[in-house]
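Enquirer: One letter stands for each residue in the lines below.
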Amino acid sequence: QKEVEQNSGPLSVPEGAIASLNCTYSDRVSQSFFWYRQYSGKSPELIMSIYSNGDKEDGRFTAQLNKASQYVSLLIRDSQPSDSATYLCAVKVRGSTLGRLYFGRGTQLTVWP
Amino acid sequence: GAVVSQHPSRVICKSGTSVKIECRSLDFQATTMFWYRQFPKKSLMLMATSNEGSKATYEQGVEKDKFLINHASLTLSTLTVTSAHPEDSSFYICSARAAGRDGMAEQFFGPGTRLTVL
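So the sequence lines, in the order shown, correspond to chains R and B. Each residue of the first sequence is one higher than the one before, starting from 1 at the first, in the numbering used here. Each residue of the second sequence is one higher than the one before, starting from 1 at the first, in the numbering used here.
Looking at chain R on its own, in the form it has when it is part of the complex (with noise of 0.2 Å):
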């Protein structure tokens, strides 16, 4: 069973400040790591890939990737209420069937004015 665990929030932060989520797999042989954005009513977003240890920086988003710990962040710096949607994260196993990704339930994030 490959498990992705998410804080299904919701988290709250103000208009400014640094949204943080987390991800945890269960799978150590996991390859590549995905954060996709939803809004309300709207399909997945691709936000962010990562596939090395270390940081990965795109514009306000920053991905964490962890795999002896096997956990994958996302940080958000500077939050804006258009920011306020459920973010996924998703993994892909080295060797998974036609490069399916395995979905996290989500963490709902709420940037208040």
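Heads up, a few of these hints could be off.
What the hints assert, rightly or not - Mimicking PhoX-like on lysine-lysine, the simulated pairs with C-alpha atoms at most 20 Å apart in a straight line are:
#1 B/Lys20 x B/Lys42
#2 B/Lys42 x B/Lys14
#3 R/Lys67 x R/Lys56
#4 B/Lys41 x R/Lys42
#5 B/Lys14 x B/Lys55
#6 R/Lys42 x B/Lys42
To be verified - Rough simulated footprint, nothing fancy, chain R against chain B, three-plus residues with beta-carbon under 8 Å:
#7 11-23
#8 78-87
Just so you know, these hints were derived from the structure itself, not from any lab. Note that CB positions come from ideal geometry on N, CA and C, so glycine has one too.
Based on these hints, arrange chain B on the given structure of chain R.
Expert: Relative to the frame of chain R, chain B by itself:
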């Protein structure tokens, strides 16, 4: 780049009818497409994985005769909900896998199709 379209975006149909949903990768070739469904405030549930030119692989508990998947080309996959019933009402979302650097394939989602069966 990496745009996936879905059609229709919304459909309302009577119980017993069949509904076809198309998923297209517009600016890349998708070796694999995935079909998900999502109930309100619930997580994504993978229904099936389809590879161009071969039979789809269905997840446990998903009826292959009820949810017909055809992946006719590297840019088009279709999901047909046969003899739809109210319990099939859901948000259906496709995704397409694009080969990224070093073979680390990313999935891009279509906008989804909201199906309501009366």
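Enquirer: Against the 20 Å threshold, does the CA-CA distance of B/Lys42 and B/Lys14 hold or violate the hint?
Expert: violated, 25 Å
Enquirer: Starting from R/Lys42, check that the Cα of B/Lys42 is at most 20 Å away, please.
Expert: holds, 13 Å
Enquirer: Three residues minimum, CB to CB under 8 Å: does the segment 78-87 of chain B make the cut for coverage by chain R? Let me know.
Expert: violated (count 0)
Enquirer: Below or equal to 20 Å on CA atoms is what counts here, so check B/Lys41 against R/Lys42.
Expert: Distance ~12 Å between B/Lys41 and R/Lys42 Cα, so the pair holds.
Enquirer: Does the alpha-carbon distance linking B/Lys20 and B/Lys42 stay inside the 20 Å limit?
Expert: Violated - the C-alpha atoms of B/Lys42 and B/Lys20 are around 23 Å apart, more than 20 Å.
Enquirer: Does the segment 11-23 of chain B contain three or more residues whose Cβ lies closer than 8 Å to a Cβ of chain R?
Expert: As far as the segment 11-23 of chain B goes, the hint is violated, because 0 residues have Cβ atoms under 8 Å from chain R.
Enquirer: Is it true that the CA of R/Lys67 sits at most 20 Å from the CA of R/Lys56?
Expert: Within the cut-off at roughly 14 Å; holds.
Enquirer: Does B/Lys55 sit within 20 Å of B/Lys14, going by the straight-line distance between their CA atoms?
Expert: violated, 29 Å
Violated hints, listed in ascending order, are 1, 2, 5, 7, 8; each of the other numbered hints is respected by the structure.
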